[in-house]
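The chain contents come next:
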Amino acid sequence: MRTLAHSFYMTLRHFRNLMRQPLYIAFTLVQPIIWLVLFGQLFKKVVLLPGFGASAYVDFLTPGVVIMTVLFGAGWSGMGIIRDLDLGVMDRFLVSPVSRVALIAGRLIQLALIAVIQSVLIVALGMILGARFPGGARGVGLLILCAVLLAVPIGALSSAMALVARKEETVIAASNFILLPLTFLSSVFMAQNLMPGWIQAVARFNPVEWAVVAGRSALSAHMNWPLVATRIGLLVALTIITAGLATRAFRIYQRSV
Amino acid sequence: MILVETLNSVRHQSSSSSQPELPAIEARNLVKTYRGDVRALDRLSFRVEAGAIFGLLGPNGAGKSTTVKILTTLSRPDSGEARVAGLDVLRDAERVRHAIGCIGQKSGVDSEATGRENLTLQGRVYGLRGTELKRRVAELLERFGLDQAADRVTRTYSGGMQRRLDVAMGLVHHPSVLFMDEPTTGLDPEARADMWKEIARLAREEGITILLTTHYLEEADRLAQRLAIVDRGRVVAEGSPEELKSELRGDTIHMELAQAEDASKAHSVLSRLEELRELVIDTRTLYARADRGATTVPIALATLESAGVKVASVTVARPSLDDVYLRYAGRSFREADQGGSR
Ligand SMILES: Nc1ncnc2c1ncn2[C@@H]1O[C@H](COP(=O)(O)OP(=O)(O)OP(=O)(O)O)[C@@H](O)[C@H]1O
Ligand SMILES: [Mg+2]
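Protein chains in written order, with this note's numbering: chain A, -10 to 246; chain B, 200 to 541.
For the record, the hints were derived by calculation from the structure and aren't laboratory data.
The structure displayed is predicted, hence computed values, not measured ones.
For glycine and all other residues, C-beta sits at the position ideal for the given N, C-alpha and C.
You may find that some hints are simply not true.
Said to hold, decoys possible - Straight-line distance between alpha carbons at most 20 angstroms, and here's what the computed DMTMM-like set of lysine to aspartate or glutamate pairs gives:
1. B:K305 <-> A:D48
2. B:K305 <-> A:E157
3. B:K444 <-> B:E504
As the list claims (entries may be wrong) - Beyond 12 angstroms from chain B on every Cβ pair, some chain A residues (computed):
4. V35
5. P86
6. K156
7. S245
Said to hold, decoys possible - The calculated label-pair distances, taken between Cβ atoms and stated as ranges, are:
8. A:I161 <-> B:D346: 37 to 47 angstroms
9. B:E477 <-> A:Y(-2): 51 to 61 angstroms
10. B:D350 <-> A:A113: 53 to 63 angstroms
11. B:L289 <-> A:A113: 47 to 57 angstroms
12. A:I161 <-> B:D236: 28 to 38 angstroms
13. B:T330 <-> A:E158: 42 to 52 angstroms
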């Protein structure tokens, strides 16, 4: 009960701070617009490759850009923790009876909300650029679910790392080091069966790939139910594990202060 | 500015919950070692009676913040025990957290939220709800002169306003023990004087036990009923400021030499004078004590002159806490404060 109430208050705090800077969300959309327009034009002909499997590249690209945008947003969420550490806000909460779970949950819920908003806007943008999704509203809903289920564990990992490393530079370096490879070792931009064999092999263990494959399938005319269900299951499992890790990271932090 | 009814209710609450027979804070043999073999606390012990203002005075790196972190359950000692409000900080951390308020060395205010939002969230974390919460928040905003700025984002606050908000946040749940880690560092003299008044008032009128850390000798002297001087993780002296100073008989003489190279020669000739006691040398400054400073200084100067040592300046004064520190830590407070690691 207390954890729930505290999570609610923490979510409120983060959301209110976010609302104070509406430009933030607008900024996070600049990159996806560039990806969609630029890559959409640049790789238009890629669908003509035998075996690509999609009729228009923008149909293929839009869910990829949704997942990528959400991934990067989540990957930077540790910076919020760093800010709270630097301000002394975190220490003040840690000497209060606030639930540790709520300190993480509040952030992750906010991240999930941002992921939903971003996904909806990018899907709309894709449709303006001519994308069509036979999977309909249900498909879009499942894509958003996948996006959220990717944002939350990545955000949890980023937060855990911030608590352990306590340095801005470390979080930046680690995010840069991890996020781009995660993106390019997946089918965000390129159809799975056209990727080199080793990338395909690696991608099977890549949560970004789980999310993008499931989301794309959900948007298609013939959704592959078992595929979508297993990938969502994997993402849920990852969410639980990483949220647990992030909560434990407080202990590591408190041992070092 | 003060609401009389609420004050009464506060006093009522704190008197019914405090246990006068137990010390409000008790630290026993706290040891804390940080990575890289920094021994921040080295068997530090002290106790604080309920309702008192207790000062932890020490230079940079003495271990003040580390002590506060352990007593407020943020950090854990390697060994030793501590009780706050009668509760063990290790075994009963959750209950300790309800009993204490903490104003850290770092601010702890969310700069993107308004003063009112900061206070409200703090109150909610401690279980305050609804009109009770609203009333408490409004009352604290008024008492700390923040009602005008209440709905401004705290990023726009001055240093003094931010510190007052910090204190208000530490008080929102009527704690019985309040920890303040360097509450006036970085404040201008006027804001500092206001903060001193507020701290004294909290102890006097609300019966809150206050542990205050500082490296301002004057602050410790003015505010603390008792204080512990901390140096390199240990308590080197403890008592009321008056007790500590009166233990040093006579006057204090400070002599600054024109040349640091003369220090050891000066020390050796002066140590033969029986009028001077407790002669300590710290780079180019000589500290000594004498029963009657006024008559001893000419003798000391003559001695130095005949040894060929030039003196840049001499002062004679009643003992200050600086001298107390010098006596127990073997170096001057100001030197230690500059030389200490952060
Ligand atoms: N988190 C930490 N990790 C490593 N060393 C630390 C940490 N915190 C403090 N120390 C070291 O422990 C010693 C005591 O530090 P502490 O912060 O308790 O001193 P302080 O008395 O509060 O000093 P100041 O007046 O500068 O605030 C210092 O040598 C400091 O460098
Ligand atoms: Mg300190």
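These are the hints, each one checked on the structure:
1. B:K305 <-> A:D48: The given pair, whose Cα atoms are some 51 angstroms apart, is violated under the 20 angstroms limit.
2. B:K305 <-> A:E157: holds (18 angstroms)
3. B:K444 <-> B:E504: Since the Cα atoms of K444 (chain B) and E504 (chain B) sit roughly 31 angstroms apart, the hinted pair is violated (cutoff 20 angstroms).
4. V35: Per Cβ check, V35 (chain A) is outside 12 angstroms of chain B; nearest 43 angstroms; holds.
5. P86: violated (5 angstroms)
6. K156: Fine: 14 angstroms to the nearest Cβ keeps K156 (chain A) off the interface.
7. S245: violated (7 angstroms)
8. A:I161 <-> B:D346: 37 to 47 angstroms: holds (40 angstroms)
9. B:E477 <-> A:Y(-2): 51 to 61 angstroms: With a Cβ separation near 57 angstroms, E477 (chain B) and Y(-2) (chain A) satisfy 51 to 61 angstroms, so the hint holds.
10. B:D350 <-> A:A113: 53 to 63 angstroms: violated (35 angstroms)
11. B:L289 <-> A:A113: 47 to 57 angstroms: Holds: the Cβ-Cβ distance is about 54 angstroms, inside 47 to 57 angstroms.
12. A:I161 <-> B:D236: 28 to 38 angstroms: This hint holds: roughly 29 angstroms between Cβ atoms.
13. B:T330 <-> A:E158: 42 to 52 angstroms: holds (46 angstroms)
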